[in-house]
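> Letter by letter, the chains look like this.
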Amino acid sequence: MPVLTCRGLRKEFGDHVVLDGLDLTVEEHQVVALIGASGSGKSTLLRCVNLLEELDDGIIELDGEEISDPRVDPDLVRRRIGMVFQSYNLFPHLTVLENVTLAPRKVHRRVRAEAEAQARELLDRVGLGAKAGAYPDRLSGGQQQRVAIVRALANSPRLMLLDEVTSALDPELVGEVLAMIRDLKADGMTMVLATHEMGFAREVADQVCFLDGGTVVEAGPPAQVLGEPTQPRTRQFLHRIIEAGRL
Amino acid sequence: MSLAQHTPSPAQQRRAAYRRRQTIRSVLVAASSTAALGTLLVLAVTGAPGWDRVRESFLDPGIARDALPAVLSGLWLNIRLLVCCAAGALLLGLLIALLRTLRGPVFFPVRALAAGYTYTFRGLPLIIVLYVLTLGVPGLRLQGMPSVLVLGGLALVLTYGGYLAEVFRAGIESIHPSQLAAARSLGLTYRQTMRHVVLPQAVRRVAPPLLNDVVALQKDVGLVSLAGPIDAVRAAQISTAETFNYTPYILAGVLFVLMAIPLIAVTDWVTLRSARRQSGG
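Just so you know, the sequences run in chain order D and U. Residue numbering for the first sequence follows the numbering used here, starting at 1 and increasing by one per position. Residue numbering for the second sequence follows the numbering used here, starting at 1 and increasing by one per position.
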């Protein structure tokens, strides 16, 4: 059974149709990369899956359960999904350790010592153990984003949604975040990531989906979608990316 | 390249010497202009034709000494009222602000009531609230009616609660939606998000204006004397009526300023600290 199934998703903001009958299936341990121009609906899709946006039509299933049903408690769904944002969104008034342990303690009702031990272990694994007591504004962008990923992982999510997690970073800091995502894939984490890093998508994704006009225009293995695209719109998009020197 | 090993270049040494001279010069200029203005002010006031008469009726040390015990005991009432009313108004303000952020149709009446409250009590003059509560309400002759002092304090809490609620609400609304999205995406409920993510940041951000309102409250607590209880200003008024000398008023004023200084200093310190934090320093 797929971890995530989206069928006919539709989302409008005023007159603007952002998602227009979008379909997507993500199997267990699979990494799906969403590519496409700004405004093609990548972020909106991720926010809809995490129930941060209300759908205007369509069905989303997580492990076979329809989570787009309004009777489903969104808080229970979100515990099973980890989300990482472009601008990190760490809580500035909490230390790194408190950021990571907030959800385990308040949502999963773990005792403090247990939550902190787990958080320290996760932070140590990504080389941020020494920063546990620091406030986010003392960290580099790359470190902040890695803490944000650890914070999402502390919930032991079934699925990770990564929304352009390297777009706000200085070029020399992108590598450390990508390395962490690579490790997640090696651990078998199921992930959907919206990205502008075509090289990374090619390397890490099992499937690349090109979004345009609110639908998946082309989907397939990275070598096919990025190497020999069949759709003219995909070719056009990749051509612009190559011109900008990003592939 | 360590810091200790660096010897300033001749150009930097010249710049440093120039800046030192400029600093000395500006200190001298500030000192002499302050002295000149001070002298002028003293001459203008003491040289005025009525100065001797004013000094006798406003600045009589003997009368100040006699009035001091009464004014101080009045001031003690001010302090007690201030502490209770500030705590009450802060709690009420926070509660009202939270009620106004509740969503969902069930909470419509609560939201409407909270909004109506802030509109009414920010518009209503404090003196009218005081009169209604301390003179009108006891007239109902209900069982267990609290004292006039408690009713007066309630009037202050109700009025200032309205202002503080709006300050709290501004703070809550200033927290970026991405913070809420991050908290909700972790599975925190709306209440947990408010409690652990939004409110701590909001209260820190609005601490300076909140304290500023407490400083204003400090002066207004004395208005309960309109209903009978004797505060510092009322005590000064009584001794003035006995001696036909206004010195007790000046005494009370000085005491009020002295009492406000610590609170204002704390406000300035908190403002400075939050400004530093926001600039990432």
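Accuracy of the hints is not assured; some may be wrong.
Quick look at which bits of chain U chain D covers, simulated, 3 or more residues with Cβ under 8 Å [to be verified]:
#1 83-96
#2 172-182
#3 200-206
Simulated from the structure, these hints should not be mistaken for lab results. The beta carbon of each residue, even a glycine, is placed where N, CA and C say it ideally should be.
> Each hint: holds or not?
Now for the hints, and whether the structure bears them out:
no.: 1; hint: 83-96; in the structure: violated (count 0)
no.: 2; hint: 172-182; in the structure: holds (count 4)
no.: 3; hint: 200-206; in the structure: holds (count 3)
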